[in-house]
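K.L.:
Chains as they are written, first to last, in this note's numbering: chain A, 1 to 305; chain B, 306 to 565.
Here are the simulated SDA-like cross-link-like pairs (lysine to any residue), alpha carbons at most 20 Å apart as the crow flies:
1) A/Lys165 x A/Arg232
2) B/Lys390 x A/His154
3) B/Lys390 x A/Gly160
4) A/Lys204 x A/Gly188
Calculated directly from the structure, the hints in this document are not laboratory data.
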Amino acid sequence: MTAGNAEPAEGSGHTYNFAYLDEQTKRSIRRIILKAIAVPGYQVPFGGREMPLPYGWGTGGIQITASVLTKADVLKVIDQGADDTTNAVSIRQFFARVAGVETTEKTSQATIVQTRHRIPDTPLKPGQIMVLQVPIPEPMRRLEPRETETRKMHALSEYGLIHVKLYEDIAHWGHIATTYAYPVMVNGRYVMTPSPIPKWDNPKLHQSEATFIFCAGREKRIYALPPFTDVRSLDFEDHPFRLQAFTQTCALCGSGQSYLDEIILDDEGKRLYVCSDTDFCAQRVAAGHVGSDPDALAATKDAVA
Amino acid sequence: MIELEPPLLTIQSLSKLYGRNVACSNVSFDLWAGEVICIVGESGSGKTTLLNCMNGTLTPSSGRMLYRTRHTGMVDVATMGDAHKRLLMRTDWGIVHQNPRDGLRMGVSAGANVGERLMAVGARHYGDIRSQAMDWLNRVEIEVDRIDDLPGVFSGGMQQRLQIARNLVTKPRLVFMDEPTGGLDVSVQARLLDLLRALVQELQLAAIIVTHDLAVARVLADRLFVMKGGDIVDNGLTYQVLDDPQHPYTQLLVSSILQV
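Input sequences plus hints: build the corresponding full structure.
P.N.:
Structure representation (structure tokens):
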């Protein structure tokens, strides 16, 4: 392949290829993505590259983003639902620099959202691509350490073992206590971990209009959900899948329907519940919604400054 | 004339070589439903290799192994697909390892260990799985209130009984055991043997048990095979072999039992 569309990012002053990775690598990763989309939930091995950040910080996610990114894309990066955390800011700046693409904090404006831990609370649209950074792609790894064995189990649809984990939860806690990386059955065939999103976000995967691509950089596995795929959270007949209920509402925007973070404010037990999705919260505040304590975080920011 | 039902398992000239070393050579026998065969012999005589060839852990170098499945009659195990073979191994067969740590999942509770096979064949009702697990812990004499304990906090004898419960919960017809009483003290051995004898009779289990302990063979086995250097040198009904040993090695083995 020639370096046809391999141009350095404009104005960067560096000679990096567009979106950092070379064209051959991007091409090989796109091929793997196509295979992953063709077989929803199946973990496809790929030749993962060394990226300029440590394993565990999103090496898988940025390889996907680099491979699917075009100049017309608008990129959003979130970490724990927030746009302003260190990792989110660094990855966003990285792509602004090596690809020169437009970045945004608004979910509705983004065409690609790279994320760790959360799926935005703003409903996703057709055409959007969610890129998830995955630490451990194998849902049965904790119970079965042999890769040869787990691959065979996937091949033969032997999924009794994944229920052993749920059984253990009920035996010890009286209910299924797994709250994140909650295993799902994809398209009635492959069991997949939507790791590491909270189970709160699991229902958003079912029949989603957006495309989901998951990538584990260290383990070198890519798997995907094309739009409108059936995704069912695993459970027992007498212990069905349930979402946790929040008794609080967001202190800033008053939302009772979003996933909340608990923020400890001082050492006297004062705490605050706010939306984990900062963009969702900001949109609501801009639309005029007011929570119980809208200035709570402004005060904390002043104290830190 | 009495019509005999076909054997459950037929082994035809099974051999296993490790490079140029012969581990077991040209072994043939039939096993009928509900029958217990013990294979005895010294260390290195090939008895564990033979067992592992039969239970699918090893691939034999030559020979055939036919098994009478519940639905499709006699099937050559070598030509069986992976999916079918693995289904057989977790439903119709049981494998009891010498070291319970090899046969148990040490990271999950006793109840989950027993329930795993049920979940593997499609049980998805927590209450049912748990009550069956409790029933089986009861049957192997483990107190039911230990159901949520990890196997690691159990004694060696309890771990071995848990391993047996885990294997028998899907009501297999054939169980392979490798030194099931190895590493246990004599009083615990005696209790385990009592339990095994009762379960084998109650469930009409066929079993192939590898042991170097002739006492185990005498208590459990209908038939006894004596192995030496990869060959079965003596075989017959247990009491015949033990009371009237023909082969010089069997005579040596029987005369070597310590008398207290």
